[in-house]
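**Student:** Following the hints, put chain B in place on chain A, whose structure we already have.
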Amino acid sequence: MSTSTVPWDRVRRAGSKLTTPLHPDDYLRLLNPLWTSRELRGRVEKVVPETEDAATLVIRPGWGWRWDHRPGQYIGIGIPVDGKFQWRSYSVSSPTRQRGRTIAITVRAMPEGLLSSHLVNGLEPGTIVRLAAPEGDFTLPDPPPARMLFLVGGSGITPVMSMLRTLDRRRSMPDVVLHYSSPTPERMIFRDELRALEAEHDGLRLHQLHTDTDGMLDLADLDAICPDWRERETWACGPAPMLDAITEHYADAGLEDRLHVERFSLELGGEGGEGGTLTFRNSGKTVEVDGATTILEAGEGAGVGMPYGCRMGICHTCTVTLVSGTVRDLRNGDDYGQPNEQVQTCVTAAVGDCTLDI
Amino acid sequence: MAIADVTEYTHLSEEDVEQLGRELDAIRADIEESRNAADAAYINRLIRLQRGLAAGGRVAMLASSYSKRAGRPALVAGAAMLGVAKILENMEIGHNVMHGQWDWMNDPEIHSSNWEWDTAQPAEQWKHSHNYVHHQFTNVLGHDNDIGYGILRMAREQKWHPANLGQPVYNALLAALFQWGVALHDLDIERIRKGEKDPKEMKRQLRQILRKGRNQVLKDYVVYPALSGPAWRSTLKANAAANVTRNLWSYVIIFCGHFPDGALHFTEEELEDETRAEWYLRQMLGSANFEGGRTLHVLSGSLGYQIEHHLFPDLPSNRYPEIAVKVRALCEKYDIPYTIGPLHRQYGQALRTIIKLSVPNSWTTSDQPEPPSPVRDRRRKSDAERPSRRPELGAWSRSPRERSA
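Top line first, the protein sequences correspond to chains A and B. Every letter in the first sequence is one number past the one before it in this note's numbering, and letter 252, counting from 1, is 284. Every letter in the second sequence is one number past the one before it in this note's numbering, and letter 47, counting from 1, is 353.
In isolation and in its complexed conformation, chain A is listed as follows (with noise of 0.2 Å):
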C-alpha cells in the first residue's frame, strides 16, 4: 500500500527549520528532479509510437503522486513550450496498481495541437513535465458489472484501455463487447494488444469499424452488432458527434443511467450566469463581464495574469480564490458563492458581482 513507515511529513517539517522560508524539496530537487512534491512532476522514460499520429508516454512520477488512480480516469500535464507552462489532460492508459514506478498516458497528435504534436514527436525520454492528480468519473466499477459495452471512437480508446488491461490484470474479465471505429486499420491505436486479449479473454469480444472505407457506426446497427446491448452497462468515448448520437440513441431508449460518457472538450450545457461586475483584487482591475464569459477569459481580456491548464475545467490550474460573489459552472449550471471558495475559473462566470483575489 501506499502509506510508509517513515513519517515523511514529519522528516520534511523538520528539515524546514533548515532551509525556511523554502521547503527541502526545493534543494532536494536539484539533486533529482523527481524529489519534489512540492508541484506533481513526473520523468518521461519511453516514448513509444503506437501508430503514425500516435504515441505512449511512460513517465515515471516523483514524490508525492498517489498511486490511487481508478482505470478510465485522466491526469494532466504540463510542459513549457516557449518558456511558458501549457497544461492538457490525458487520459491513463496503464492498468492500475497500487504501487509501481511507471504510468503511461496514450495521445495522438491533432493536426492544429501544438502540444499534443509535440508530445508525440518532440518528447525527448527524459524531460521533466508537470503532472496534475487523476480525476474523472469515467471509471469502471470495482466490481466490474457483469455485462459490459464499450462503444470507442479514435483516441477515445485510451481510457478504455486502461479498463481492459486492469481486467486482464486482475484476471476477472466479465461478458465485454468492444466496438472500436477507427478510419483506418493502421489508424488504430493498440489494435495488436486489443486482439491478443481478444484471443485470450473468451469474456471479450472485439468489434472493429474502419469508418474510411465503411463509413461511420449507424446506431441502428447496434442491435446488430451487439443484440444485449440494453442490458449492458456502456462506456462510450470519442468525437463529440459520435458521442451525441450515442447519447441519444440511449436516451430514446430511456437508458440513459445505463450510459458513462467521456468527452474531451468543454461542453458549456448548463445555463449562463448573470453577469456582472468583476474585480481582481491584487491587480486592482475591474471588468464588466456578461453571463456567458468565463472569469478566465474575462481576466484576460483585462490584462490580468490569470494561471490556466486546460480550459476546458479538468485540471484546475486555473483555481483563484473567490473573494466574494457567487459564479455559475457553466457546464452544470452549480453555483458556488461561499467565501474565499476556489474557483475553476475557465468553467465558470459570474452571478453578479464578484471579487477574485489575484
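Hints should not be assumed to be uniformly reliable.
Said to hold, decoys possible - Pairs of lysine-lysine residues, derived as PhoX-like cross-links and limited to a Cα-Cα distance of at most 20 Å, are as follows:
#	chain 1	residue 1	chain 2	residue 2
1	A	K49	B	K374
2	B	K525	B	K500
3	B	K465	B	K662
4	B	K465	B	K500
5	B	K543	B	K374
6	B	K543	A	K49
What the hints assert, rightly or not - Only part of the chain B face toward chain A is listed, based on derived beta-carbon distances under 10 Å:
#	residue
7	A344
8	W410
9	N412
10	T425
11	N521
12	L524
13	Y527
14	A690
15	E691
It should be emphasised that the hints constitute simulated quantities derived from the structure, not laboratory data. No residue lacks a Cβ here, since even glycine has one placed at the ideal position from N, Cα and C.
**Tutor:** Positioned in the frame of chain A, the structure of chain B alone reads:
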C-alpha cells in the same frame, strides 16, 4: 525641488508626453511578446545557482566544524557563499519574482502569489509596501513611505526636527540591520505613533512578522549552530556575517535608487489627474541608475537599471539592459534627464544628503534646483487617502499560506 507637474517641469507639450508614453508602451509590448525559453532558463539557472551556493555554504560551514585541518578556510568560504546566496535570493530572485516578472511562465513554483523570500519581512507585506505604495507613488511626498523610510529625513520639504541630528547614526544602524528595518516597513511606524493605524491590522501584521522573523532567527542562530556541535560559535558568527553582508549590500543598492542627486521629488498635486504617460515620466525623473558590469547588475537585482525597473516593474529583469538602450535614446530624444553614475558616486551623493538634511535647511545648500513649490509639512497618507492603485505594477497578491492568518 519638489515638482507639482512633471509635464510643466520638463517643458514638454501634453502631446509630447503622450507620445513618449506610447513609445514606452511599445517597448513594453516588444518585451512581452518576445519572452521565451531563454528567459525562463535564465531565472531557473539563477535559482539553481543560488540554492547551490546556499546549500554549499551551509555544508562547508558544517564541515569546518568537524574538520581540524580545513576548519578556517572552509568557514570563510562557507560564509562568503551564504552571503552571496542571500544577496542573490533577496535581490535578483525574490524582489523580482514578487514583482510578477516571471508570472508569465505559468509556473506555480516561481510566481509572485506564493514566493516567500529569505529575509525577515513577510512577502505579503513587502508586496503592499513596495509593489503598491512605493512603485505607484514613487517619490511623491506624503505618499511614498520609501522617502527616508520614516527614519531619515531625505527631502528638504520634510520638516526638520531636532531628532534628525542623529541621522548619521540612524543611517548606520539601518544599514547594519537593514532586513529588520525592511521587516517593520509596512507597519508604518509613523502612523502607529500618531494613532492612525487600525489596531486589528497592526496585530495581524505583527504576528506575521514575528512568525517569519522567528523562523529566520532560529535557522541562522540556533539550528545551524546547534548542528555544528562544539564549533557552534563560529557557525553563528559566520551566519551573522553573511546576514550583515547582505544587509549592507542591499542597503547601499537601495539607497542608490532614489536618493542620488538628480532623482527628484514630487508634490501630491502631481498625482491629480496624472495620466499613464505622466506616471512614466515621474518614474524617469524620480529614479537613478548606476553603471557596472553584468555581475554587479545581477548581484544588485538589476536595480542599477532603476529607471527601467520603475517604468516596467513586472518585465523580466534580464531584459533591462536592452530596455535601457531604448529608454536612454528616448530620454535624449525628448531631452529628459537620465540620472546615472558609478555606484560609489551615487551612494556618496545619497550619504551627503543624509548628513546635510540632519540639520535645518538654512545651514546647508541644496544640491538640486530649488523647489518650485512652497515647503510645507506633508503628513503620511493612508491607503484610503491614496488614489486607487495602478494595475500595471505586477501582482502583489496575498500568499495562500498567509491567507488564513
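**Student:** Against this structure, judge whether each hint is valid.
**Tutor:** Here's how the hints hold up against the structure:
no.: 1; hint: A/K49 / B/K374; result: violated, 27 Å
no.: 2; hint: B/K525 / B/K500; result: violated, 35 Å
no.: 3; hint: B/K465 / B/K662; result: holds, 14 Å
no.: 4; hint: B/K465 / B/K500; result: holds, 16 Å
no.: 5; hint: B/K543 / B/K374; result: holds, 18 Å
no.: 6; hint: B/K543 / A/K49; result: holds, 19 Å
no.: 7; hint: A344; result: holds, 7 Å
no.: 8; hint: W410; result: holds, 6 Å
no.: 9; hint: N412; result: holds, 4 Å
no.: 10; hint: T425; result: holds, 9 Å
no.: 11; hint: N521; result: holds, 4 Å
no.: 12; hint: L524; result: holds, 7 Å
no.: 13; hint: Y527; result: violated, 12 Å
no.: 14; hint: A690; result: violated, 15 Å
no.: 15; hint: E691; result: violated, 16 Å
The structure shown violates the earlier hints numbered 1, 2, 13, 14, 15.
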